[in-house]
Amino acid sequence: MKRVVVETLHLQTEVISDVSLGDACQLCHVELEFVHALIEEGALDLADDKAVLDRGQFARLRKAARLHRDLGVNPPGIALALELMDQL
Amino acid sequence: MEYQDYYKILGVERDADADSIKKAYRKLARKYHPDVSKEADAEAKFKQLNEAYEVLKDKEKRAAYDELGQNWQAGQDFQPPPGWQPFGADPRQSGSAFEFEDFADLFGGMFGGAGRQQSARSQANLNLHAALNLTLEELYNGKPVELYVRHPNTGEERQLRVKVPSHLRDGESFRLKGQGAKQGGRTGDLYVEIRLVPHPQFEVRGNDVHMRLPVAPWEAVLGAKIEVNTLGGVVNLTVPPRSQSGRSLRLPKRGLPGPQPGNQIVTLEVQVPTDLDSESLAHFEALAKSCNFNPRSKHQRERYEARRS
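Protein chains in written order, with our numbering: chain A, 756 to 843; chain B, 1415 to 1723.
Hints may contain errors.
Stated by the list, open to error - Covered by chain A, per the in silico footprint, the following chain B stretches (three or more residues, Cβ under 8 Å): (1) 1435-1447; (2) 1571-1578; (3) 1584-1594.
For the record, the hints were derived by calculation from the structure and aren't laboratory data. What you are looking at is a predicted structure, and each value in this text was computed from that prediction instead of being measured. Backbone N, C-alpha and C define an ideal beta-carbon position, used for all residues, glycine too.
Full structure from sequences and hints, please.
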């Protein structure tokens, strides 16, 4: 497809961190139960036990959501996969 | 459009049943999933795989695809029949929480033909998602990078120049306000996930940057000052005398920046010369005679202890 660039914008970025569980579910297209299951498996940690995910944990949830969706891995499997990937 | 042999991509026969297709897909998906795979072209392969599976897992799509005929060769240009919908052209038709479209959204940037880029597709809440491939140097230097975003409604492209905050790590995201889809008077945001491109020398762990440094046997024994690459430029590293292979040395604050700047961890790797002239070889032979060193004495003791217990 032909690329027509209509404008060039110089933008400020806003780091995604301290995402509420509700927002996180919406952004990753997952159900709240899925997030809770990952927390129970120890695959995901809440920031200071508040119901928010810091930027690293949000990145982890995104990865978990993709593993679930694309490979059909369940939360215990995701926990194991993330653990093994951490060790690499 | 280019003809793709979906059966060949999945490695199945043309008369394969649904189960074999699913099995073949899952196996290859695990191999090439961009979150898991170390293969260089994993993203492209995974996308191709999903395109094939999206069609072959669906009875109607598969029948329509089969009707295209078996005479097409992969890569050949062909005219799709009316109503033919290849994967990717029909957003969110199933509406389930986990579907490939989301993945295509997220990794849309990597699949675009034109290098770094771009974009996503309309979502219920007008937010768009994109992935941005970054080299470690780009992240470290914090120079502005360009993103192209294709607007899902109008097809227009915008070029965005953004400075990626250098304390972000692989898989983490930033938001560009108001750069999502527009509908009515409302505008969504653009979420950009950064993906660090593997570096030939450096590996990031947390804020630290790890590297392996080959050293000569005499450098490890006698000690040496060695020029070492860091993200911030070349620095001098002092290798202390009698350093074992595998020893890690720390270059403080030479890792990634952030509230707690990382270090560079240099792991020594003693390498043995394989192309020795006769004079050098004679030195080693002399050393073998004169040096009273048995690197396996501990092993032998352990074997002895094991037998006794």
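Against the structure, the hints:
| no. | hint | result |
| --- | --- | --- |
| 1 | 1435-1447 | holds (count 4) |
| 2 | 1571-1578 | holds (count 8) |
| 3 | 1584-1594 | holds (count 9) |
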